[in-house]
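Asks: Quick mapping for you: the protein sequence lines, in order, are chains Z and D. By the working numbering, the letter at position 18 of the first sequence is numbered 18, and the numbering carries on one by one without gaps. By the working numbering, the letter at position 118 of the second sequence is numbered 311, and the numbering carries on one by one without gaps.
It should be emphasised that the hints constitute simulated quantities derived from the structure, not laboratory data. Mixed in with the good hints, there may be bad ones.
[Stated by the list, open to error] Now the in silico label distances, taken between C-beta atoms and shown as ranges: (1) D:Arg226 with Z:Arg91: 46 to 54 Å; (2) D:Ala330 with Z:Gly96: 35 to 43 Å; (3) D:Pro198 with Z:Gly96: 36 to 44 Å; (4) D:Gly371 with Z:Asp166: 46 to 54 Å; (5) Z:Asp97 with D:Gly306: 35 to 43 Å; (6) D:Gly225 with Z:Pro110: 46 to 54 Å; (7) Z:Gln105 with D:Asp288: 49 to 57 Å; (8) Z:Arg160 with D:Gly289: 27 to 35 Å.
[What the hints assert, rightly or not] Negatives, chain Z to chain D, calculated, CB over 10 Å: (9) Glu10; (10) Arg16; (11) Arg51; (12) Gly70; (13) Asp83; (14) Gln105; (15) Ala119; (16) Pro153; (17) Gly159.
[Stated by the list, open to error] Sample of chain D residues lacking proximity to chain Z, with all beta carbon distances greater than 12 Å (derived): (18) Leu204; (19) Gly263; (20) Ser285; (21) Ala341; (22) Trp354; (23) Asp359; (24) Ala378.
We put the CB at the ideal spot given by N, CA and C, even for glycine.
Protein chains: 2
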Amino acid sequence: MPNSPFQPVELHHASRLLNHGPTVLVTTAAGGRRNVMAAAWSMPVEFTPPRVAVVVDKATFTRELLVAGGGFVLCIPGAALADATFAAGSRSGRDGDKFDALGLQPRPGPVLGLPVLEAGCAAWLECRWLPEAHTEAAYDTCFGEVVAAAADPRVFAEGRWSLRPDNADLHTLHHLGGGLFARAAQTVQARPL
Amino acid sequence: MPNSPFQPVELHHASRLLNHGPTVLVTTAAGGRRNVMAAAWSMPVEFTPPRVAVVVDKATFTRELLVAGGGFVLCIPGAALADATFAAGSRSGRDGDKFDALGLQPRPGPVLGLPVLEAGCAAWLECRWLPEAHTEAAYDTCFGEVVAAAADPRVFAEGRWSLRPDNADLHTLHHLGGGLFARAAQTVQARPL
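Next up, chain Z with everything else stripped away, as it sits in the complex (with noise of 0.2 Å):
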């Protein structure tokens, strides 16, 4: 599958990418440091401001660099990278660069330059965080507000998914835990009541 364009996701769109619960990366740099982590536990919360929450512990590198660079970039891996996306969630970036260890080539987001995952991605969401200091100390849950998002339009466009054979390679993953995925591969379409 040859690498295409992203296209910009209107705001009001962007609920639509996480809404049926992807595993996503969450990418993240301040100061010259940057890292990538999978994570399973993140959901839109609103859809206009679009908002998100996601989940990163208190210990872990990306918190810090999401602290310290004011927010950080979901991003929707595809089926393609589920041995990646794997490993971006078993190791840490104090460690080394995963980026580099991983062969993710990020460039800078439009708006808060942070960065974003195309080749292999579905889609991606920058987001600045919305600092909430006591649900981050309780719960680990991280706020933000997407304030750009994009998506590669073979998979999803005009605010739509379209999961087909001929773009697996598209398709989101879903951890179902100890490297095993769901791959958002089959539809199902609800008939009224």
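Dock chain D against the given chain Z, drawing on the hints supplied.
Replies: Chain D in isolation, oriented as in the chain Z frame:
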């Protein structure tokens, strides 16, 4: 698929039930009233003690009952409940009992006595509300501690999901939007890098 008795899930495995981002049915009850709504926005926030977060709009009947009853249940519908799940997210319980309207027959949960759904569901988590006035007001985000959990052993046992062709009706649903759900059917096992 015949009904199967649910089996208790050890609390240290409870986060696994939500780890892959399924859409849930949130049930509540207080003072002789009860409700069920669909929610795509929930996540675990801690392994031990097992805690979760779920977004429940402050205008909803569910929010009123959650506060009045001091808890909620996250029930995880299987694919056979796609139509009922979409319908549960499209109308208000203030207009009539949705359990009856949707053919859902709850039984009392073991610790809090809140309505738990088993037929057609893969699992449930009964949760005691952890009041957090600020995040409930600012982000409609409600926290809870899991006090009991159970699953259909045909699809989740000993802390692990097993998604197979013969249990397709119990595969979890992941709402893409507009009643279109991804079904957790196919899996990918990551390899160590």
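Asks: It remains to establish, for every hint, whether it holds in the given structure.
Replies: Hint by hint, here is what the structure shows:
Look at Arg226 of chain D against Arg91 of chain Z: about 49 Å separates their beta carbons, and that is inside 46 to 54 Å. Between Ala330 of chain D and Gly96 of chain Z the Cβ separation comes to about 42 Å, which falls inside the hinted range of 35 to 43 Å. Pro198 of chain D and Gly96 of chain Z have their C-beta atoms about 49 Å apart, which leaves the hinted 36 to 44 Å range violated. For Gly371 of chain D and Asp166 of chain Z, the hinted distance range of 46 to 54 Å is not satisfied, since their beta carbons lie about 22 Å from each other.
The hinted range of 35 to 43 Å is not satisfied by Asp97 of chain Z and Gly306 of chain D, whose Cβ atoms lie roughly 52 Å apart. Separation of Gly225 of chain D from Pro110 of chain Z is about 53 Å and conforms to the stated range, judged on CB atoms against 46 to 54 Å. For Gln105 of chain Z paired with Asp288 of chain D, a C-beta distance near 52 Å keeps the hint of 49 to 57 Å intact. Between Arg160 of chain Z and Gly289 of chain D the C-beta distance comes to about 31 Å, which sits within the given range of 27 to 35 Å.
Against the 10 Å criterion, Glu10 of chain Z stays outside the reach of chain D, whose nearest CB is about 14 Å from its own CB. The beta carbon of Arg16 of chain Z sits about 5 Å from the closest Cβ of chain D, which is not more than 10 Å, so the claim that it is off the interface is violated. Distance to chain D contradicts Arg51 of chain Z as a non-interface residue, since its nearest Cβ pair spans about 7 Å, not more than 10 Å. Distance to chain D confirms Gly70 of chain Z as a non-interface residue, since its nearest Cβ pair spans about 18 Å, more than 10 Å.
The Cβ of Asp83 of chain Z does not lie farther than 10 Å from every Cβ of chain D; its closest approach is about 5 Å, which violates its non-interface assignment. Residue-level check passed: Gln105 of chain Z sits 16 Å from the nearest beta carbon of chain D, beyond 10 Å. Every Cβ of chain D is farther than 10 Å from the Cβ of Ala119 of chain Z; the closest lies at roughly 16 Å, confirming the non-interface assignment. Distance to chain D confirms Pro153 of chain Z as a non-interface residue, since its nearest Cβ pair spans about 16 Å, more than 10 Å.
Here Gly159 of chain Z does not stay apart from chain D, with its beta-carbon only about 7 Å from theirs, under the 10 Å limit. For Leu204 of chain D, the condition that its CB be more than 12 Å from all CB atoms of chain Z holds, with the nearest at approximately 16 Å. Distance check for Gly263 of chain D against chain Z: the nearest CB is about 18 Å away, which clears 12 Å, and the non-interface claim stands. No beta-carbon of chain Z comes within 12 Å of the beta-carbon of Ser285 of chain D; the shortest separation is about 15 Å.
For Ala341 of chain D, the condition that its CB be more than 12 Å from all CB atoms of chain Z holds, with the nearest at approximately 20 Å. Distance check for Trp354 of chain D against chain Z: the nearest CB is about 5 Å away, which does not clear 12 Å, and the non-interface claim fails. With a cut of 12 Å on Cβ distances, Asp359 of chain D stays outside the contact zone with chain Z, its closest approach being about 15 Å. Its beta-carbon lying about 5 Å from the closest one in chain Z, Ala378 of chain D breaks the requirement of being farther than 12 Å from that chain.
When held up to the earlier numbered hints, the structure conflicts with 3, 4, 5, 10, 11, 13, 17, 22 and 24 and fits the remainder.
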